[in-house]
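Residue numbers (my numbering), protein chains in the order written: chain A, 1 to 764; chain B, 1 to 87; chain C, 1 to 291; chain D, 1 to 162.
Since the hints were made in silico from the structure, they are not lab data.
Here the structure is a predicted model, which is why all the values come from computation and not from measurement.
Mixed in with the good hints there might be a few duds.
As the list claims (entries may be wrong) - Some chain C residues well away from chain A (every beta-carbon gap over 10 Å; in silico):
hint: 1; residue: 2
hint: 2; residue: 23
hint: 3; residue: 158
hint: 4; residue: 261
To be verified - Think about it this way: if two alpha-carbon atoms lie no more than 30 Å apart in a straight line, the pair counts; the simulated DSS-like pairs of lysine-lysine are:
hint: 5; chain 1: C; residue 1: 25; chain 2: D; residue 2: 3
hint: 6; chain 1: A; residue 1: 546; chain 2: A; residue 2: 566
hint: 7; chain 1: A; residue 1: 176; chain 2: A; residue 2: 85
hint: 8; chain 1: B; residue 1: 21; chain 2: A; residue 2: 176
hint: 9; chain 1: A; residue 1: 85; chain 2: A; residue 2: 281
hint: 10; chain 1: A; residue 1: 85; chain 2: B; residue 2: 42
hint: 11; chain 1: A; residue 1: 57; chain 2: A; residue 2: 31
hint: 12; chain 1: A; residue 1: 315; chain 2: A; residue 2: 432
hint: 13; chain 1: A; residue 1: 31; chain 2: D; residue 2: 3
hint: 14; chain 1: A; residue 1: 570; chain 2: A; residue 2: 556
hint: 15; chain 1: B; residue 1: 25; chain 2: B; residue 2: 42
hint: 16; chain 1: A; residue 1: 315; chain 2: A; residue 2: 751
hint: 17; chain 1: A; residue 1: 85; chain 2: A; residue 2: 224
hint: 18; chain 1: A; residue 1: 310; chain 2: A; residue 2: 751
hint: 19; chain 1: B; residue 1: 42; chain 2: A; residue 2: 176
All C-beta atoms in this analysis are idealised placements derived from N, C-alpha and C, irrespective of residue type, glycine included.
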Amino acid sequence: MGSHTTESSFRVIGTRPIRHDGVEKVTGRAKYGADYYVAGMLHGKVLRSPHAHARIKSIDFSRALALPGVKAVVTGKDLPEGENKTVPLGEMTVNPRYLGQNILARDKVLYYGHAVAAVAAISPHIAEQALELIEVDYEVLPPVLSVEQAMAEGAPILHPDLRNEELGDVPTNVAKHVVLTRGDVEAGFREAHFIVEREFRTSMVHQGYIEPHNALAIYNADGKATIYCSTQGPFEVRGMSAAVLGLPVGSIKVVPAEIGGGFGGKTTVYLEPLALLLAMKTGQPVKMVMTRSEVLRATGPTSGSLIRVKMGCTKEGKITAAKIWMAYEAGAFPGSPVGAATMTVLAPYAIPNVQIDGYDVVVNKPKTAAYRAPGATNAAFAAETVIDELAELCGIDPLDIRILNGAREGTPHPAGPPYRRIGFIETCEAIKASEHYRSNLEGPNRGRGVASGFWFNAGMQSAAVVNIHLDGTASVVTGSPDIGGTRAACAMIAAEVLGLNVEDVRPVVTDTDSIGHTDVTGGSRVTFATGMAVFRAAEDALAQLKERAAKLWECKVEEVEFRDGKFYCKTNNATPLSVSELAKRLPRLGGPVTGRATVNARGVGPSFATCCIDVEVDPETGRVQILRCTVAQDAGRAIHPAYVEGQMQGGTAQGIGWALNEEYIYDSDGHLMNSTLLDYRMPTCPDLPMIETIIVEVPNPGHPLGVRGVGEVSIVPPPAAIANAVYRAVGVRMTELPMSPARLWKAIAQKESTRSGLGRAQHG
Amino acid sequence: MANVHIPTQMRQLCGGQELVKIPGKTVRELIEELEHRFPGVKNYLLDGNDLRPSIAVWVDGELAPAGLLETVGPESEVHFMPAIGGG
Amino acid sequence: MHEFTYVAPSSVEEIVQFLAQHREKARPFCGGTDILVQMRSGVRRPSYLLDVKTAPETRLFEFDPAKGLRIGAAVPCADVSADPAVRRYYPGLAEAANLIGSVQIRNRASLGGNLANASPAADTVPALIALGAKAVLRSVQGQREVPVEGFVTAPGRTILNADEVITEFVIPPPQRGGADAYLRFVPRNEMDIAVAGVGVFVKMEGQRCVEARIVLGAVGPTQIVASEAMAYLRGRTLNEGVVSHAAELAAQAASPIDDVRGTREFRRHLVAVLTRRSLLAAAKRAQANQS
Amino acid sequence: MRKVAVQTTLNGEPVEFLCEPRQSLLEVLRDVLNLTGTKEGCLTGDCGACSVLFDGRVVCSCLVLGVEAQGAQIQTVEGLAHGNELSVLQRKFLEHAALQCGICTPGFLIAAKALLDHNLNPSESEVRYALAGNLCRCTGYDKIVRAVMDAAKEMREREAYG
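Extracted from the complex, chain A is given alone in its bound form (with noise of 0.2 Å):
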């Protein structure tokens, strides 16, 4: 693993410790939400619509009631209407009403899989028969499925009341559209020598955390309700369970499991609402876990996209305009990351003319969910494909497209200001002088490409507390649910402005009562925000310790002074004292120590990742494997470089099997046709290479340790990259994914045609 590190003279920090929930992991003793079991407990399922559209005209349940070990069955009506107006929670907006009906259908159904009763019986088989006992009568209306068709004049419509703001009062389907405009894009096509304008798709794709959906919830006499679930937002779970049931929200408190993935898709809420209302309804505890069918049909994935781009360049390759037109399925209701796609798509580069349209639209599949980066992974397949494009126009190295026009300090974002220290430069630089990229690849239907991408990170709130134990070691707690290790981020973070060693600090994930409101574990936020809180939070406990060493010493505060893990006394010759010498006499100097910080947090870092893939296709079949893969990302400092880059091989991966193989593929019913991991093809073991990895070190001015956040933007780079070596192996330009093999190999087949038909490359 390569490693581009500025000097360091951290002793914890860019070291690989042993993360400190791994032996919990590796024996199976650690707890994921579906691990609970309490005495009493119920068992809940879900019934599931088997249209995409229809409006629900009679529930009848009572046969499932009378079943034998049936205690409730619930449908839409027995949550309150909720409001229809979007408020802010945590990290996301939500709306109460939409929130509510996708958790369970109040008049129609709007997607395959939408949720229509929940049943709690005594066992989870008796659960399930009890699903085939309720008798729904629906009236089945046309499904729309795809962006055009639901922007088509006299197109179905999915929510009657639903307006955006420039169409005034007429039903529509376009949630939102929004507009980001720089320059003059028309006299910046004038300017180029080199336009190149093409249109991409994309499918839907899913998280594909492995572990599915669960909640359980207990419900006490005094009101009073605890939900244990695996979530990456305890609080928003709090609080999206108690919009959506109409609680007050300091009635619910959240216990975050541990997690198995997320990616985005844990964000928001599902089954947790829907047990807390069966246990309230039998006053039992009451656990649900979802099939992995019900994860695919019914959970978040991302949405589905139809961009076009174009986009202008000098004979030297200087780009000049860009212009991209944008829409994004957002799944059954509002919301997709469309906003973040028209901010993401252009800002590695300066560009002086732009106009960025972008469309949120609603159709009849899923409620889409953040999904890693979300929104910038379809919107760099088509800008970084068009940019390959323009660099062979102008007979130059892509990667040298891409430095040529790269963002740098003091480039103003497309959409608003200027960056303060970014490294995305140095991302393109790290792979152009990597072994990987000087190799030569050889051999026939080989192909080498390079993309790169933009995440925006996210700071907002968290809280942490550092507690000094008597015996010197101490503990961390935060409310930032661990998915891939910051656990040992937190612990090593304390550890170096401490003094102590990593296995001396026990990181701790809390509950919602526990510890202050903390956002969402997403946005790359973790390390940058929670790791700031915990900081300071052990920097608070450091001047605490100052002070009692003080008050041993009989000295002023400000003669303490505390290096290489010691208290020394620059005024008299007082024996120094590590952190756990004086931590045995706190009971006789005020007694405990306990250091504490809150932030919303500021100085946000983006970050950048190029990535270069090489590909082998067999051009009679359209299979693409992939030979060899390098990612450079500007990680700002590596607090655990093991587990950054894991972050990186693993958003790396995700990017893969959404450029090859992942898609959601509905029957003109709309109906999912692929609900299981055989037919939604992840990549397997043998499906990649090694990942290797570059961590590029250009630190975050606004982050006291100089920290971005690695989770993200890994993900974006691959599709595009993988599209431009597959062109370079077979030269055919893909513009569609997955590149699945039948697409692929009838690409190739009509290659010939295909030039004169969807692109158009001319000289201006």
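Following the hints, put chains B, C and D in place on chain A, whose structure we already have.
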């Protein structure tokens, strides 16, 4: 005078201007002044007493978590951008 | 999952007695890799699940160069593909058995189950048909030996009577100059269902093909024997042109559908590609088997 | 439904349990025996999170009935360590940071053990195919493959030098 960058879809309310220089010590004051000059801006940016959840304000190159209460300096650059969520 | 009774018989005799009594209500199973998934989704709802592998006769594994190969219906695919005799004399069968699912699946899935499940995409079925394998069926009425070819009559349907069970497979002895091969196409490298699969057997005398069998999987409601292509190859020298023409004939014999795993057009094309590649692989092996 | 009494050997210890015939071995391990280290990911045999060793062979416990465990030897992730001493594989997974969320880890450890039990010198390709039935969505498999190869190396050395 802070430099307020007007997002594309708000420009029609602001006589097509991309950049407006206005006085104010907080984002709230800037918006009040904008509304004074260009009626309708407030409704575009605010829902009741706070920024619309779909809009984020950036001050001097940084997302401003305090929103309307964010203080601005005499030379500050202020951008209104779509709010985003991460995965 | 619905309620059912599990029965673990200790002999084939017990199995057939039970089947005679309960007929359609009972379903024999081996590895459960298909039936349990189907029962969870409500596709099949047997009242009795009859664990065939607990009868020792179904675990039989015998090879004799003169008599051929006998494999119990419940032998896991992992054992079939790992067996030295199968790898040496029936490499196409080893290939097919080694492609099903993952290690976990192959440790449970059996040839008997793969056949009785009657999926058009079953990997071992074209390989068995190409080898001219027969299935041994038992009932209280007695025993019959039927060719694997024609056993599957439609997706999920077979000629098996409600009181019958597959106990073993009989595969003809290896022939001098003969060899088999199986290839399938899947988008991933493993853990996938065939988009198309082709099992072939060829017998060579020098460069000349004296016998060829080509069996197509996943491109019709049942496995398809590409008779025209087989007849065309007989007596011809297997050069690139001849093999390509046979592959085209095989593609014409396919009657694929559009589904979630592939389009009609793509599948027909794949048949040609896989037929050509598997014929060349089998011919190479057959030539090596001549001495 | 009448329950069936089953005697089996679980992680080397004799165990007796009652289960319905329709309960999978996975359900029995988790819901009846409280061994929740074995995870549910798909219930169709496609993800490998529920992998256990059944008479020494790796299988998906979601596709095995609990009643089939009668007389069998079952080994789960809970049985990999010897008391407080982690197995080489477990240790290597930690040293190589071969887990992120950890939900697939028990299944990978079991599948890797099944490989190394009969092949202490696997190639990278052999490791990848032996683990093909186990999906991991976090790591891109890189560090998992390295951990298994490194475990094999240490176990080879241990064998060679006693």
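Right, here's what the structure says about each hint:
no.	hint	result
1	2	violated (7 Å)
2	23	holds (25 Å)
3	158	holds (23 Å)
4	261	violated (7 Å)
5	C:25 / D:3	holds (20 Å)
6	A:546 / A:566	holds (10 Å)
7	A:176 / A:85	holds (14 Å)
8	B:21 / A:176	holds (29 Å)
9	A:85 / A:281	holds (28 Å)
10	A:85 / B:42	holds (18 Å)
11	A:57 / A:31	violated (42 Å)
12	A:315 / A:432	holds (22 Å)
13	A:31 / D:3	holds (28 Å)
14	A:570 / A:556	holds (10 Å)
15	B:25 / B:42	holds (17 Å)
16	A:315 / A:751	holds (27 Å)
17	A:85 / A:224	holds (27 Å)
18	A:310 / A:751	holds (22 Å)
19	B:42 / A:176	holds (19 Å)
Of the numbered hints listed earlier, those contradicted by the structure are 1, 4 and 11.
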